[in-house]
Structure formats: structure tokens, C-alpha cells
Amino acid sequence: DAKTTQPNSMESNEEEPVHLPCNHSTISGTDYIHWYRQLPSQGPEYVIHGLTSNVNNRMASLAIAEDRKSSTLILHRATLRDAAVYYCIPQRFNQGGKLIFGQGTELSVKP
Amino acid sequence: NAGVTQTPKFQVLKTGQSMTLQCAQDMNHEYMSWYRQDPGMGLRLIHYSVGAGITDQGEVPNGYNVSRSTTEDFPLRLLSAAPSQTSVYFCASSYSPGGRNEQFFGPGTRLTVL
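Chains Z and A supply the protein sequences, listed in that same order. Position 56, counted from 1, in the first sequence is what the numbering used here calls 56; the numbers after and before it change by one each time, with no gaps. All you need for the numbering used here is the position in the second sequence, starting with 1, plus 1000.
What the hints contain is simulated information worked out from the structure, not anything from laboratory work. None of the values given here were measured: they were computed from a predicted structure. Take these hints with a grain of salt, some might be off.
[To be verified] Some chain A residues close to chain Z (C-beta under 7 Å, calculated; not the full set):
{"hint": "1", "residue": "Asp1038"}
{"hint": "2", "residue": "Pro1039"}
{"hint": "3", "residue": "Gly1042"}
{"hint": "4", "residue": "Tyr1048"}
{"hint": "5", "residue": "Tyr1064"}
{"hint": "6", "residue": "Phe1090"}
{"hint": "7", "residue": "Gly1106"}
{"hint": "8", "residue": "Pro1107"}
{"hint": "9", "residue": "Leu1111"}
Glycine included, C-beta positions come from ideal geometry on N, C-alpha and C.
With the rest of the complex left out, here is chain Z:
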């Protein structure tokens, strides 16, 4: 399983963009890069995932480095509701339900 490195914590101001980095230098060529977040006292929530190209959805954007050894989750305008722990998880194409969670980045958002 690929190992990930994320900052323990980050701070942002409300309505400003946030860039959450993740290093996954041991990722294999078939690993998708998933991001989940966990709001306080809730179960994890899917945010976005990608393989090689940058991806956008209604929640966030995912920028994947050309060598795929790192990625950045971009929240375009942080809200108070985005305060959560964000997990970057490389996942094999054939691993099904097997997500390996690291420590994640705790994002706090200031009004």
C-alpha cells in the first residue's frame, strides 16, 4: 500500500481558497487518488478522486502532479462547514472496500 504524507493541520479564512497537499511518492501506476473528509462526530464523506488528470466536482478540485507523486485538494471558497479532517488515500483498482486511512490534515476555518 502506498504511504501518504499530509500536514497535521492547516488554517484558512472563510471564503478564501484552500490548498491541501498530499505526498504519495510510493504510489503505483494503477492507484486512484481519493480524498475523503470527516466532519466532527460524523462518518467520513467522499470528496473527490482521480487517476492522472485534474478533476473537478461540486465540492472541490483535485490537482495531480504529472509524476503522480503528489496531489492537492483545492477548496475554492472555504466555508465554516468545511472544517474537518481531510484524508488523502491512494486506492488500488482492485481493492474494493479496502481504504487505508492515514492521519489526515485537520482544517480549521476562521470566520
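Using the hints provided, position chain A relative to the given structure of chain Z.
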């Protein structure tokens, strides 16, 4: 769709008692899994299933049993509860194998073992 449901929401057990945590999903997902989350920690995989009748161990399987007799249900059994099993338990499901698909998580069961 109700999504992934878990019961009970809270449970207190005495050391040595057994119990079953229930998990159900109504999305016809083949893949289901159980995680535990200790205070201040990330989630750790206990067991997972790639379809009815098929289960496998995750990172921390000791002290837990699972079975998958239907697509919808994936119960987690604690055989003889220990204080070290005090944790929040999350069930998750996904449509098909691997990286292309998102996982849906339940709201969790908070278990305390005295």
C-alpha cells in the same frame, strides 16, 4: 435511498459480553467494510467483503467476526468484548471494486466496554 444505516448508535458492554453491530445498505453495493476509529486517530480497517459469501481481514481483525449472507447486510460480531474495543465503528459500502468508485459511510456506532 436510506444509504448506509448502522444500529445501534450507542452501546455500553461489560468485559466478556458479546454483541453484534448491524450494518445495512440499500444501494445494491457489492463491497462493504467495517472500520474502527479510536479517539484522535484515523480509521482502521477491521474486515471487508467483496460480495455475498466472501469476506477478508483488514488491519485489525482480532476479536471480531463477520459474515455476508446477503448483499444488503454486513454484521460485525464482537465475540468477547474487551476495554480495548472501546471505539467508534463505521460501516461503509461501494458499488464495485477499487479505485474508480466512492465509498459511502454510515453514521457510526459508539461502543464503550467497561
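- Message: Under the constraints set out in the numbered hints, which ones does this structure not fulfil?
- Response: Checked against the structure, the hints that fail are numbers 1, 2, 5 and 9, while the rest are satisfied.
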